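Chemist: Chains as they are written, first to last, in this note's numbering: chain A, 554 to 963; chain B, 1300 to 1557.
Note that these hints are calculated values from the structure, not bench results.
These numbers were taken from a predicted model, which means no experiment stands behind them.
Idealized CB from N, CA, C, for every residue including glycine.
Watch out, some of these pointers could steer you wrong.
Cross-link-like lysine-lysine pairs, in silico, DSS-like; alpha carbons within 25 Å at most [unchecked claim]:
1. A:854 - A:792
2. A:893 - B:1441
3. A:892 - B:1527
If you only want the chain A side, here are some residues facing chain B, beta carbon under 8 Å, derived [unchecked claim]:
4. 581
5. 582
6. 652
7. 699
8. 706
9. 765
10. 810
11. 814
12. 898
13. 927
14. 928
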Amino acid sequence: MRRLFLLSLVQVILFVFSSEAVAQSYELRGSLREWVKVFSQSPNELDMAETRLKLELLSTFGENTSFKVKSYCTYGAISGQNNWNFQEAFIDYYSDLVDVRFGKQVIAWGKADEINPTDILNPQDLSNISEEKNIRKIGLTALKSNWRFSEYVLEAIWKMEYDNVKIPSMDSRWALFKIPGLEVLPDPEYPQNRIQDTEWALKLSRTISLFDLSVSYFEGWDNMATLIFSFDPIAQQPKLDELKFFRTKMIGADFAGSVSSFGLWGEAAYFITENNDDPLIKNPYLQYVIGSDYTFNNGVKINLQYFQEINKEKSDEVIVSKLGFGLPLKQASTFRLEKKFGEIEEHSVEIFGIYDIQDQGLLFQPKLILSPEDAFAVEFGLILYYGKKESIFGRFDSNDQVYIKSTYSF
Amino acid sequence: MKKIITMMLGLALFAVMQTFNEVKAQEKLTAYQIIEHWDNRTIPLDMTSQMTMNMIDKNGKVRTRLLKTYRMSDDKQIMWFLKPSDVKGTSFLRMSYDDRDDDMWIYLPAFGKVRRIASHTKKGSFMGTDFTFEDMGNRKLKDYNYQLIKEEEINGKSCWVVESMPGKDVITDYSKIVSWIWKEDYIDLKEEYFDKKGNLKKVKIVEMINVEKYWVPNSVTMENLKTKHKTEIIFEEIMVDTGLDEKVFKSNYLTRIN
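Based on the provided sequences and hints, a complete structural model is requested.
Modeler: Put into structure tokens, the structure is as follows:
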């Protein structure tokens, strides 16, 4: 089914290209990014030396239709490998009542900053956890429609393509977790390629006074596989049988607005996963985040967030929750201090951190972004990890990095 | 013949009296009435234009932004950045109300979602220009106290000079704003913005042109006197009363491909 939809999409795009009488404008744009990361501890190995070309082809034809294709062509100098990935390729149709987007797309849900429990429609590729979130996301084929009724907007999504979160391999120094005695995880058992196994979601939004509000519902699959163990009577120990995905429902809500001089937002997601009897499946559990920001008179902007997962029935830390926010944390806070400077505030200095409250670990990332010319920016930064070995950041204690990243947009 | 001459003289006298009365009436206007007239001035029902934003630093280096903008009365405005490439796709929506703060949203393609601009961040710069988000919005009449401080000419245009001071509950970056309002059409041709310490911070100069039956801005220049930096906005391809649909001013339009 996935191939069928992609084929249909390509056909529609080819048709549009060939019908010159209808087409109005095309635009090719993108960026070239060079990113080099070096481990700061001896022997100062290179972690990454990557060239990434982003290409976006956009077109509008008529007043109500447009399409966009976004692809990343990546060359990793260390691996010597090229990779060309179409993150998005979709067609938009706009009308008075409904806007429709059909094709491979990235859907961003949630009003919190980066940590979005409800943002589960596109799984993330976590092989580089310091990558920008919008690039980490894996585009999937879906039909999205936005219906407007008075002050309400109803977003209805039918996702016919499934994929799961990609995590670093267990033998990598970036492994998010390790299972003793196991170096490579078996291939998971994916949901079947049937229409009844596709996913769907709804979100109802509106603005009331100074607040944007929404409630959402998702019915689909867990985006992290569950480890299914059986007891090996000969070895007298548990044996990993398979990795399996279970059906999951999510009820979500979020808000964003301002109170007095503070920006304020919150987001919550309540997950219900099938197979309640399995001891390695958390069911149900709640993730929520609340946050606030404030801008001082000198232009320094501070942003604080608190995140927590509440899972009363099962507290096994081996179980990884849905990763709407990218990292498997249970209770954490984030902080971001940002100051723009320069004649037109073209440069910025930023300090970002995540403090793992439960396991006592810290990710600390100061960076300086300079933009000497329009469409060109260069970023210098450090990514530092601290904490107890039980914490995810503590495990990365020897992975501190220095990096330089430059981007030219065209 | 005598009757005609008498009638013409009568009409001329009536016209002179009317003009005299209008001048007298204008002379008697209070600062609040002037601002009220300014607020109720005749403006296009809607306006579309392309905006070229030149950001000029103290050394004369220029960075340029190109935008497309739609406006409905003074209450609704949506704009899309067309150039340069690193900000293309960024869009901004403002909705003003009589009884509460403006709503503002911004769409940044890198995040893929529309974000509300909280009221406190309105003192921040609008996309690196010398305009703040607050400057992009409308001031509420009732939020300020007004005082007519003098009358002055700007480029041969006779103006009232009105000082606006914010009420204590108003969130603003300024301690006062002084406006030069053209007597003929109640248009603000110049504004001076004073910081919280009472120092002159920024000066805005507006040049108007007549499009169809309306006076509309042709260029707006905001200069920051502290940084010696200025932003010049030039309006082109101006069209008025095009029958723009109100649905354009919805947040879903921010994400549309232009």
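Chemist: Does residue 810 (chain A) pass the interface hint, meaning its C-beta sits closer than 8 Å to a C-beta of chain B?
Modeler: Because about 7 Å separates residue 810 (chain A) from the closest Cβ in chain B, which is inside the 8 Å limit, the hint holds.
Chemist: Would the hint on residue 814 (chain A) be counted as holding, given a Cβ-Cβ threshold of 8 Å to chain B?
Modeler: Constraint on residue 814 (chain A) satisfied, holds at 4 Å.
Chemist: Close enough to count: is the Cβ of residue 699 (chain A) nearer than 8 Å to one in chain B?
Modeler: This interface hint holds because 6 Å falls under the 8 Å limit.
Chemist: Quick one, is the residue 898 (chain A) hint okay against chain B at 8 Å, beta carbons?
Modeler: Holds - the Cβ of residue 898 (chain A) comes within 8 Å of chain B, reaching about 5 Å at its closest.
Chemist: How about residue 706 (chain A): closest beta carbon in chain B under 8 Å, or not?
Modeler: 7 Å, holds
Chemist: Holds or violated: are the alpha carbons of residue 893 (chain A) and residue 1441 (chain B) at most 25 Å from each other?
Modeler: Violated, because 33 Å separates the two Cα atoms, which is more than 25 Å.
Chemist: May I ask you to test the interface hint for residue 928 (chain A) with respect to chain B, counting a Cβ-Cβ separation under 8 Å as satisfied?
Modeler: 4 Å, holds
Chemist: Can we keep the residue 652 (chain A) interface hint, with Cβ of chain B closer than 8 Å?
Modeler: 6 Å, holds
Chemist: Double-check residue 582 (chain A) for me: the hint is only fine if its C-beta lies closer than 8 Å to a C-beta in chain B.
Modeler: At 6 Å from the nearest chain B Cβ, residue 582 (chain A) passes the 8 Å test, so the hint holds.
Chemist: Let me know if the C-beta of residue 581 (chain A) comes in closer than 8 Å to any C-beta of chain B, holds or violated.
Modeler: 11 Å, violated
Chemist: Given the hinted pair residue 892 (chain A) and residue 1527 (chain B), is their alpha-carbon gap at most 25 Å?
Modeler: With Cα atoms ~20 Å apart, residue 892 (chain A) and residue 1527 (chain B) stay inside 25 Å; holds.
Chemist: Given residue 765 (chain A) as an interface hint, is its Cβ closer than 8 Å to any Cβ of chain B?
Modeler: 5 Å, holds
Consistency note: the structure conflicts with the earlier hints numbered 1, 2 and 4.
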